[in-house]
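> Protein chains in written order, with my numbering: chain A, 401 to 694; chain B, 401 to 694; chain C, 401 to 694.
A portion of the hints provided could be inaccurate.
[Said to hold, decoys possible] Incomplete in silico selection of chain A near chain B, CB under 7 angstroms:
#, residue
1, Asp570
2, Arg574
3, Asp581
4, Asp629
Calculated from the structure, these hints are not laboratory results.
Ideal Cβ placement from N, Cα and C applies to all residues, glycine included.
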Amino acid sequence: MPIIDFRIRPPYKGFLNTTMYVKAERRDGITSSIQLEPSPAAQQKSVPMMLAEMDLAGIDIGVVVGRNSGALGSVDNNTVKEFCDSHQGRFIPVASVDPSDRKQAALDIDMAISTGFRAVNIEPGGSSPPLHTDDRRLYPIYAHCEDRNVPLIIMTGGNAGPDLSYTSPDRLDRVLGDFPDLRIASAHGNWPWVDQILHVAFRRQNLYLSPDYFLSNMPGSDDFLKAADSWLADRFLYASAFPFAPIKGYLDWFRSLPIRPKNMDRILYQNAIEFLGLTNSTTTFRTAPFEARP
Amino acid sequence: MPIIDFRIRPPYKGFLNTTMYVKAERRDGITSSIQLEPSPAAQQKSVPMMLAEMDLAGIDIGVVVGRNSGALGSVDNNTVKEFCDSHQGRFIPVASVDPSDRKQAALDIDMAISTGFRAVNIEPGGSSPPLHTDDRRLYPIYAHCEDRNVPLIIMTGGNAGPDLSYTSPDRLDRVLGDFPDLRIASAHGNWPWVDQILHVAFRRQNLYLSPDYFLSNMPGSDDFLKAADSWLADRFLYASAFPFAPIKGYLDWFRSLPIRPKNMDRILYQNAIEFLGLTNSTTTFRTAPFEARP
Amino acid sequence: MPIIDFRIRPPYKGFLNTTMYVKAERRDGITSSIQLEPSPAAQQKSVPMMLAEMDLAGIDIGVVVGRNSGALGSVDNNTVKEFCDSHQGRFIPVASVDPSDRKQAALDIDMAISTGFRAVNIEPGGSSPPLHTDDRRLYPIYAHCEDRNVPLIIMTGGNAGPDLSYTSPDRLDRVLGDFPDLRIASAHGNWPWVDQILHVAFRRQNLYLSPDYFLSNMPGSDDFLKAADSWLADRFLYASAFPFAPIKGYLDWFRSLPIRPKNMDRILYQNAIEFLGLTNSTTTFRTAPFEARP
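One chain only, chain A, in its complex shape (with noise of 0.2 angstroms):
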């Protein structure tokens, strides 16, 4: 089975300038916290050896996800939609938009997926004001993304905001209650409210989670894992968070965790697929417009 790995920032262009790779120090403080080795591609900011990383672990596609968030940095999504083009059939760009301008924000998602641009981003705690996951000014985002047929990541887990509630499982529920037909991927799983997004989840058809770094050595792992071997293994995503966790040393990680095959395959895959609205061939999702899901 083929393999996704569903967040990669590349050390290219803008993404230099975010503080993943600003703040080399403390990124590698992290990696090391949750007890992995920091890539080499990582610290060297080489795209050739985090190609070579991949075809070594086996990964065959990234998702490559942009942010646009005052605290941490911005990458312009013409340039995660260049990376992407330029490395033909690897990578699926994720568009990132401004949750705090909804008009400008309906623009972007309408260009960004007329362009083939995948899914959309929003990290709304890092806005300037953060927003709350169930802010109302966030609510004509969600309709004009529901209504298309866009699946949406939003970062709302470890550090997600300026303080813990903007991780706030309550606040998501809400969201995807009053949204039921909006597919949304947590990036970080609301880590660390693992119980609470856990039942949340079990609720929610319409909610992916993907724990990514914070799975690994993390509290609350073993709630998250018994859960992607059971109900939740057709909406668990996998993902590294390069350059947080080393693309290769994360995989061969989680594939030692007790997961079952069949939901194994699945969740390094399927799921991603899936949520991504795409066909179930990678030759043919290189190369297709994006479809709505029937």
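Place chains B and C on chain A using the hints.
Using the frame of chain A, we list chains B and C on its own:
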């Protein structure tokens, strides 16, 4: 030792119009998610099969909890009473009241207790509008029950309301502190707030926990079980929440858990007796009128 | 390596009037619930027996934390100082201030530090009225401590206030972010918000956790321990919270936990030294005046 299943909803009259029987596919999906086999008695909506399942499992008594909930459907108290009366000695009736109407609720509570109901059940998150457990509009009902020594079941775990906030452990903590002589059983055990509700139970001696099917293969279950086998052993209530879990399959699974025999016996029987304010002899309480605990 | 017990309340003068000694039965019930034997020194209110228990356990130094709390009782700072002075080199005094009176608190803090106290303790949830940790009325006190490099202990776990909201990890997260140079030790470790406070500690380097007796047989302890043996090893503080746990019995139990020797040594001694801003030699700090960390 005899066994009491603290939450059973038979496939009888008005129960058949509530979502748990109407949306059978959803219900069976939940049963599968918690890794149990749906009960044929539930699927075929057969009271005789349910009784046979109880016999086979060795369940002596079932606590029949109705429902007065806009969102999840309602069952008339007369139906609950009629069912219990027609199977003398096998069932204990619990009356449900509309938590949004304090005057009618007080009348209904008085009527229920005078006619043989043993406890009162409310589901405030399912009201219209939904109420949080510490909503001031519920306080007259809490006071009414406390003053009359009527034990109260509150459905405040799992899908208790439109969003996760309706299972908030903070809110129930306040109620327990404000009504220290009111015995409250949390149906679904405020899941998924496992660590938090265990703190509340550690602190408030008037709280009983009944996580029922959210114990099976769900996040936090290890912590529930450790408490059940130690300091919470005398306030943990066994319940299948039939038809969501099968009566026999759930009991078989529950008995396989690492709970010492002394505590297991309490949980399967004695705690329900004490919560309901009944005497220790099943023969007695089958006929005795409702009596306040000394 | 020497050992510091970060939270000891001796059976001495004013301490005997606080609930932990007055309500002895309740206290011993808690001790039993966490599966430890009550200390005879606590039960017999004997300082010599407590000292003998420390000797037997091999505890070199106890941090004596008083109390200024309407709900739980108060101990005059002079009593704390007098006790520590009369057992030269065995105890470190911590001054408690009334968190609801900022002007008096500032005076008390200055007086305390100038007379040899090593840290300040507040219990805002026990005030009248109770205060949450991010209440704006506390901000002058936080600023006062931060500006003077005075480490602060906040009792914000367990029964810290009238309800569970007084242990909210969101609120403490805000305080830690607003006062990045203020070292805060969370007494009782914000239990039961284990996963959440671990996230906060992962994010905020100025937070130290001291779950003390809520670690023993309580929900979430595995997650506390995994963090203590990895990325939190240099900010986890050992404390018995005597008289709730026995000094020796708790240490024996703690040393049996799966924490590697290198981290165990830090937790039993070095972290308290660093939190208190003391030098690394017990002989030195026993007589040295309070000094700011470089």
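> Each hint: holds or not?
A quick look at each hint next to the structure:
1. The interface hint given for A/Asp570 is met, as the beta carbon of that residue sits about 4 angstroms from the closest beta carbon of chain B, less than 7 angstroms.
2. Nearest Cβ of chain B to the Cβ of A/Arg574: about 5 angstroms, under the 7 angstroms cut. The hint holds.
3. Using the Cβ-Cβ criterion of 7 angstroms, the hint placing A/Asp581 at the interface with chain B is not satisfied: the shortest such distance is roughly 17 angstroms.
4. The interface hint given for A/Asp629 is violated, since its Cβ lies 10 angstroms from the closest Cβ of chain B, which is over the 7 angstroms cut-off.
Checked against the numbered hints given earlier, the structure breaks hints 3 and 4 and satisfies all the rest.
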